[in-house]
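Undergrad: So you can see what is in the structure, the chains are spelled out below.
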Amino acid sequence: MSVGQASSRAAWVSGAALVVIAAAVALTPPPHRPLVAGLAIAGFAVSLALDVLAGGHTRPAAVRAALPSAGSAVAHTIQPSPWTPAPALEGAEDAAPARLRVSTFSRQKVGNASGENEDSFAFDADRGVAAISDGASSSVSAREWSRALTSDFVRSAPAITGDGIRSLLRSTARTFMEAPLDTTGWWGADAARSGSFATFLGLRVSREADRVAWAAAAIGDSVVIQLRVEPSGPRLVEGFPLESSGGFAGTPSLVGSTQAQEGRLPALRLATGSASLDDCWLLLTDELAKWALGRDEAGREVWSLLLGASDSDLDLAIDSALATGEMENDDMTLVRIAVR
Amino acid sequence: MSHERRIDRLSPGLILFLVDQSESMSAMLPGSGVSKAQAVADQINRLAYELILRSVKSPREPPRPYFFVGVLGFSSASDGTPLVGHCLSGPSSHPMGLLSTADLAAHPLRIDHVEGPTPGQTINAPVWLDPIARGGTPMCSALNQAGSICAWWVAQYPDAFPPVLVNLTDGDSTDGDPAVWARRLRSLASSDGSLLLFNINLSERPSTPSLFPAESSGLPSAAAVMLYEMSSPLPESMLSSARSLGLPAQPGARGFAYNADLRTLVAFLNVGTSIGRAQR
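Sequences listed follow chains A and B, in order.
Under our numbering, the residues of the first sequence are numbered 1 to 340, in order.
Under our numbering, the residues of the second sequence are numbered 1001 to 1280, in order.
No wet-lab data here; the hints were simulated from the structure.
Computed from a prediction, not measured in an experiment: that's the story for all the values here.
Treat the hints with care, since some could be wrong.
[Unchecked claim] From the structure, some residues in chain B lie toward chain A, with a derived Cβ separation under 10 Å: (1) Ser-1002; (2) Glu-1004; (3) Arg-1005; (4) Tyr-1049; (5) Ile-1052; (6) Leu-1053; (7) Arg-1054; (8) Lys-1057; (9) Glu-1061; (10) Pro-1126; (11) Ser-1241.
[As the list claims (entries may be wrong)] Where chain B lies over chain A, by a calculated footprint (3+ residues, C-beta under 8 Å): (12) 174-181; (13) 187-194; (14) 323-333.
Backbone N, C-alpha and C fix where the C-beta goes; we use that ideal spot for every residue, glycine too.
Next comes chain A alone, as it looks inside the complex:
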């Protein structure tokens, strides 16, 4: 299992060629972008073929995803289910876990130290699970709570059902709240009692031969975005639990440690979908997701950038968006996932 937070900036395994694509597409005037992307990806396909012939397995999933693939129907159900048991998800639980290729990017709010990043992520590439969480700065120990949520999900790799996820969140909260408290002032115990808060999104990807299914559970506005890479570039297939930039209200549902311990959780949302072998998923915390979806809605390239850019190129893109006011200062985390 891999758990990341704060200073984690694991590099997207290679990605150099995709960066070239991303940069070329991004720098090309919109009318010519499909052509540039198509040419670049065609070149990429050739390089992948050579790589495969050479027995190479180190290329990022995005490279594989760059190959055109047969589309598959997406059966997507969103079920806001605060307390009622969710039905078993079609296919997702029967199939074996998919083996994943995962890379991550995370940066803290400008002005904060790297140890103050309250986003967290975790994944187990061999068990087909990944999670992301965004700790609420206005609560105590948000970083630790966020980390407990993602690491427990990945460690347990639970079935994505309402009961399964609620049971896991309650167990995580109990362990978290019962840990000895080390405090230096009257405010410490009071703040701890009021609870820690964070968003949560857990993803599970399963595979049966060429059939891929995914299931996700979410509380709050951390999102999973399913992408299909086509000759014209990556295309948004699904966003869950939010699919448009207008959906980010700034006051998302949050998992509270005290509340979860007592069995009180806001509405848990569940989704399932099917995917092609070459599809990719991005797990994103809110500000990055809102920005990306906004760019996509405006017809501006963003998915190639998020899939393929190096950490330093992503930093540059984010710094630029912050400077122009397209983004607000926030912790930002991206987890890129593809099937191996």
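Following the hints, put chain B in place on chain A, whose structure we already have.
TA: Same frame as chain A, but now just chain B:
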């Protein structure tokens, strides 16, 4: 969209209270069992406590200075001289006499203990403000002093959430027309929006309060209409906060309560100071 800026150390939030400390504040507030002055002090102490808890990042560290709080009490001396000044306990090194959430945590006047939500549990109830009730209602002098503080604030933090100013009173101004001073205050703005000036008129008697009205037509007096017109419209985030509490806040609703009892006072402060909640 305005009034959306998140609160952090680089862009802290300012919540400034103007508290009427005139003689009439010693009358009982309906629904509270205590005087209006005491009920106001209790609610400000509760709010300061909540702001501190929202600023604690780790139990091992003091709270962070995410919020600055000021309470300007206004009353008058026996010769009618306006008395306006900071009245929260604790030494302030701030040029405008404000206290950060870190300062507040370090210097409460005392820490009372009250019964907690579970039987046998006691929780801290720190106190920074004790009630005072004497003299007249020099509201214009108070608004003027608040203006100096808020003008300094928006110059210092031009991109932060703009100041939230809450005027709690039970009477009419005794030193002029406060509408003029209110207009001047509302002209202050950061890049995130205009200063938010809210007014709470505390009740003299048990009767139906008006909370967050969107029009002045139902208000019973010229004084109430004036306080309504002095009040800023609630920004979208606060309308949403009001609705989440089950309060009927229509678009265009003003940050104004008339004839407020304790319940209205509590609801008003929950909504009117709902900045920086659920920050990520």
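Undergrad: Compare the structure with each hint and give your call.
TA: Now for the hints, and whether the structure bears them out:
no.: 1; hint: Ser-1002; result: violated (13 Å)
no.: 2; hint: Glu-1004; result: holds (6 Å)
no.: 3; hint: Arg-1005; result: holds (8 Å)
no.: 4; hint: Tyr-1049; result: holds (8 Å)
no.: 5; hint: Ile-1052; result: holds (6 Å)
no.: 6; hint: Leu-1053; result: holds (5 Å)
no.: 7; hint: Arg-1054; result: holds (4 Å)
no.: 8; hint: Lys-1057; result: holds (7 Å)
no.: 9; hint: Glu-1061; result: holds (7 Å)
no.: 10; hint: Pro-1126; result: holds (7 Å)
no.: 11; hint: Ser-1241; result: holds (8 Å)
no.: 12; hint: 174-181; result: violated (count 1)
no.: 13; hint: 187-194; result: holds (count 8)
no.: 14; hint: 323-333; result: holds (count 4)
Of the numbered hints stated above, those contradicted by the structure are hints 1, 12, listed in ascending order.
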